[in-house]
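S.K.: One-letter residues, chain by chain:
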Amino acid sequence: MDKRIVIDPGKCDGCGICELVCAAGRSGTWHPALSRIKVKKDPIWSLNLPVVCSHCEDAPCGSACLMNIIDKDYSTGLTLRVLSRCIGCRACQVSCPFDACTYDYRSEKVVNCDLCEGRAPECVSCCPTGALRYERAEYFGEEKLKAAARAAIIEEAEPVPDKDTPGLKRSGGVK
Amino acid sequence: MNSKVLFVDYHKCVGCGTCEMICSLVHENACGRSLSRIRVVREDKMGYSVPITCSFCEKPVCLNACPVGAVLRNKETGVITVQKEKCIGCRQCVQACPFGHMSFNFEERHSFKCDLCEGEPQCVQFCWKEAIEYIPLEEALERKRRTQAVKMIEE
Amino acid sequence: MRTVIIGNGVSGNKAAETIRRQKPDWEVVMISREALPAYSACALPDCLAGWVSRDDLFIKSFSDYRELSIRTEFGKEVRLIDTASCEVVLEDRKIEYDRLILASGSRALIPPLTGVMLEGNFILKSVFDLERIMAHRPKQVVIVGSGNIGVEAAEALELRGCEVTIIEMLDRVMPKVFDEKPSAIIRRLLEENGVRVLTGEKVMEVRGSGKVEGIITDAREIPCDTVIWAVGVRQNVETAREAGIDIGSLGGIKVNSRMETNIEGIYACGDCIESFSLVTRRPELSLLWPSAKRQGEIAGLNCSGKPAEYEGSFTLVVEEICGKNCVSMGSTGGMQNDIQLQVIENEDKDCYFRLLLDNGRIAGFQGIGHNEGLGAIMALIKTKTQLSEVKRVLETRELLTMVPWFAGAARYLMGGGDSYEF
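Chains as they are written, first to last, in our numbering: chain F, -19 to 155; chain R, 940 to 1094; chain V, 745 to 1166.
Okay, chain F solo, but in the shape it has when bound:
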C-alpha cells in the first residue's frame, strides 16, 4: 500500500473539518489540538496550508527518537510508533520539518497520523473542497503533467502552470 494523503493547498479553504474529524476519530475528542492533521492558517492572505505526516522513508523523527520506537513498517509502508514506550520527550516533534507530530497533552506522548489504520482516512472523506486526496503521490504528478501538456498545446509555448495548480489566493477571492 503506497497511498498517502496528497494535499492541494490551493483548494483548501481553511474550514478545519479535517482537524475535527481526526481528533474525534483518533483521539476520541473534538479538540483540534489533538488532531494529527493540522491546517496552518494565514489570516492576511487567506492562505491555508494543511500539513500531515508524510511517512518519510528515512524519517527525521525516527532518527531523533530517544527510545527508538519510531520505525518503518515495511508491510504497510507507514512510519509507526510503539506508543507504550514513548516518554514524551518531544524530540520527534522538534525534528519534523512539517510539524506533523502532535503532542497529546493527556497521555503526555507524541502521536502522528497513521492513515486511520489503513482504512480510508477520515479527513480525506470529509474534506469538502477536495484539497485532500488519498492516492499514490505519483498520480498527483500525472494530473499536473496532463495540465502542462494541454497548456503547451494551447499556448504553443514552453509549459506554464495551469490555472488550477496551487498558487496564490488573495483574501476575498473564492476559487
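In short, the hints are calculated from the structure, not lab data.
Quick caveat: nothing in here was measured; it's all calculated off a predicted structure.
A portion of the hints provided could be inaccurate.
Stated by the list, open to error - Some, not all, of what chain R presents toward chain V, calculated at C-beta under 7 angstroms:
(1) Val1000
(2) Asn1003
(3) Ala1004
(4) Pro1006
(5) Gly1008
(6) Ala1035
Unchecked claim - Every beta carbon over 10 angstroms from chain V, so not counted as near; a handful from chain R, in silico:
(7) Arg981
(8) Glu1046
(9) Lys1068
(10) Thr1086
To be verified - Here are the simulated lysine-lysine pairs, DSSO-like style, with alpha carbons at most 27 angstroms apart:
(11) F:Lys52 <-> R:Lys1025
(12) F:Lys52 <-> V:Lys804
(13) R:Lys1025 <-> V:Lys1135
(14) V:Lys925 <-> V:Lys1135
Think of the CB as a built atom: it goes at the ideal place given N, C-alpha and C, for glycine as much as any other residue.
Here the structure of chain F is known, so what remains is to put chains R and V in place on it, guided by the hints.
M.R.: For chains R and V alone, kept in the frame of chain F given last:
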C-alpha cells in the same frame, strides 16, 4: 552557467515513447515509463502527444520544498538534481513541482528527476523525429520567433 | 565474513542492524561489558522520576538479538585488540574479525576529590546506577553539573520529594547548549520548581564518615546524603589507543566521514569518536543519542560495502522544565565565540527564542516555551538555506503553497506580529 535548454517541438512528437524507454534504461537499467524522467502525455482523442521535461526553473520549488537539502543546484552547470542518499522520501518535491515532473521511485524509495544526462541528454540522441533538441536558449527563442512570424504572415 | 562490534549502546546496535539488513548472511558478533540487552540511557532520569518503568527502558530483548542472528558476548571485558592477527581478546576467549566496529561509548567522570568514595556518591549512566540510587533512598541531594543529566535528574528527584541543589562550576546552567539569557530563564524555572541552583561555584570535597553527609564548595558547605556527579564523560578509548588506533585531540577516536579509523577494516562510531559539527564543520564530541545512532548507521553501511558519507553531528537538546519546552539546536553563541554571529531575540509573555545567524543563514536556535515550527528551523539550519530566500517566499507568499514547511518558520523569522502566526 549552462545556457542550453531542452527544446521540444510538440508537432513533431508522434508519441512513440522511445525517449521514455531510453531515459529509464540509461538511468535505471530497466525500460519503463514510470522510471523515465521525460514523460510523454498522450491525448489520443485530441490527437496530440506532448513530452514534458524539467523546466530547470530559476526559482526551483522542488529545491526549496526539500527539507533536507537533497535537491541541489550544481553551481557550474546550473543543473538541479536529487541526491538519492540524502533523500528521506517525504515526497514534498513531488507535490511541489507545478508541472508534475518530479517522480518517485517506489522500489528504491527516493525521488528522481531529469539530470540532463551529464550534458548529453539521451532522449535528444534517440528521438528519431527530432522532436526534442538540446540547443542554446537563444537559438530556441529565435526558432519560436520565426514560427510565430510565419504564422502571422500566413494569416 | 565476520564483523565484531565492541559496545551494546545505540551506536553499536544501529551498526549491527544496518549490517544485518545489507548482508543477511554475514556473521555479526556484539561484545559488551554490561550483561544487559540494549537500553536507552537517555530515559534513565525519566525512570528515576517514575514516568517510565525499568522494563520499558530496553530497546531490545535478548531474543531480538537471536532473531537478528547476532551472536552476543555480554558481560565480558575486552582485554586487547590484536590488529596484526585481527583478533579481539576477551577474558575467556579470542574472537577473530574481518571487520571491527568500535562503539565503546563513554563513562561518567568523577573528579578525584576527597570523599568521592563514600557511600552515597553516584553517577547516572547505566541501569545499575539507577538501581543503586533508588536503593539508597535519597532525601537531600546535591547534583554536580547542570547539563542534560544534571537538570533532568534534579527535576526527577525533586518530583520524588527530595531536597535538590544543583552546583554548576560555570557561570550559568546548561552552559554548553544555552547562552546567558535563555539559561537565566531556565534557572528561574528550576528555582520556581524548588530546585536550588548555584552557579560559578566549585566543589572541593565531599564530607562524611562512611557515608556522604555534606558537600563543601569554594563558597559554602551543604548538608546532603546523596551526591550525583553529572560533570561530563570520558571516552572509552584506552584499548583502541593501545592497539594503535589514532585518537583525536578532543579525546575521541579519529575517524573520517565514513567512520573509518586509521587502520583498515576498523570503524568507530558513537560517544567514543571525535566527530565534526554539521553546522561549523569543526571537530566536536557529539555525545547525543541521535548522533550515535546515525554514526552507527554510517559505520554499518561502509562496513558492509555500501559507501556512505556522514553529514556531521547536529546538536539537538529538548528538555521539558516545569512544563516549558526548552530547545537548543545547532550552534550556540558560546560554541562559536570567535565568529560574529548575529543574534535575533524575542521575548513574549512566557516565551523566548533566539536565532543565531551566520552570513544570512541560521546557525543555531534556542527557544523556551515554543512548540511549533521548530522542525522547520532545524531544516533551515541543516540545509544552510539563505534566509533572504525564505523571507521572500514568506513575505510575498509566492509559491508558499508549494513549500508549505517554510510557514512553520515564519513566526521566528518575520519579527512577530499576527500576520505570520501560521
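S.K.: All hints are to be evaluated individually against the structure, with a verdict given for each.
M.R.: Results for each hint:
1. Look at R:Val1000: its Cβ gets to within about 4 angstroms of chain V, closer than 7 angstroms, so that hint holds up.
2. Checking R:Asn1003 against chain V by beta carbon gives a least distance of about 4 angstroms; that is within 7 angstroms, so the hint holds.
3. Given the 7 angstroms rule on beta carbons, the hint for R:Ala1004 holds: about 5 angstroms separates it from the nearest Cβ of chain V.
4. A distance limit of 7 angstroms between C-beta atoms decides the matter here; for R:Pro1006 the minimum to chain V is near 4 angstroms, and the interface restraint holds.
5. A cut of 7 angstroms between beta carbons decides the hint on R:Gly1008: the least distance to chain V is about 4 angstroms, and the hint holds.
6. Annotation: R:Ala1035 was flagged as interfacial toward chain V, and the flag holds, the nearest CB pair being 4 angstroms apart, inside 7 angstroms.
7. Non-interface call for R:Arg981 relative to chain V: holds, since the shortest CB-CB distance, roughly 26 angstroms, exceeds 10 angstroms.
8. Its beta-carbon lying about 16 angstroms from the closest one in chain V, R:Glu1046 satisfies the requirement of being farther than 10 angstroms from that chain.
9. Residue placement check: R:Lys1068 keeps its beta carbon more than 10 angstroms from all beta carbons of chain V (closest about 33 angstroms).
10. The Cβ of R:Thr1086 sits about 30 angstroms from the closest Cβ of chain V, beyond the 10 angstroms cut-off, so the non-interface label holds.
11. At roughly 17 angstroms between alpha-carbon atoms, F:Lys52 and R:Lys1025 fall within 27 angstroms of each other, so this suggested pair holds.
12. Simply put, F:Lys52 and V:Lys804 have alpha-carbon atoms about 17 angstroms apart, close enough for the 27 angstroms limit, and the pair holds.
13. Between the alpha carbons of R:Lys1025 and V:Lys1135 the distance comes to roughly 25 angstroms, so the proposed pair stays at or under 27 angstroms and holds.
14. Between the alpha carbons of V:Lys925 and V:Lys1135 the distance comes to roughly 26 angstroms, so the proposed pair stays at or under 27 angstroms and holds.
Of the numbered hints listed earlier, not one is contradicted by the structure.
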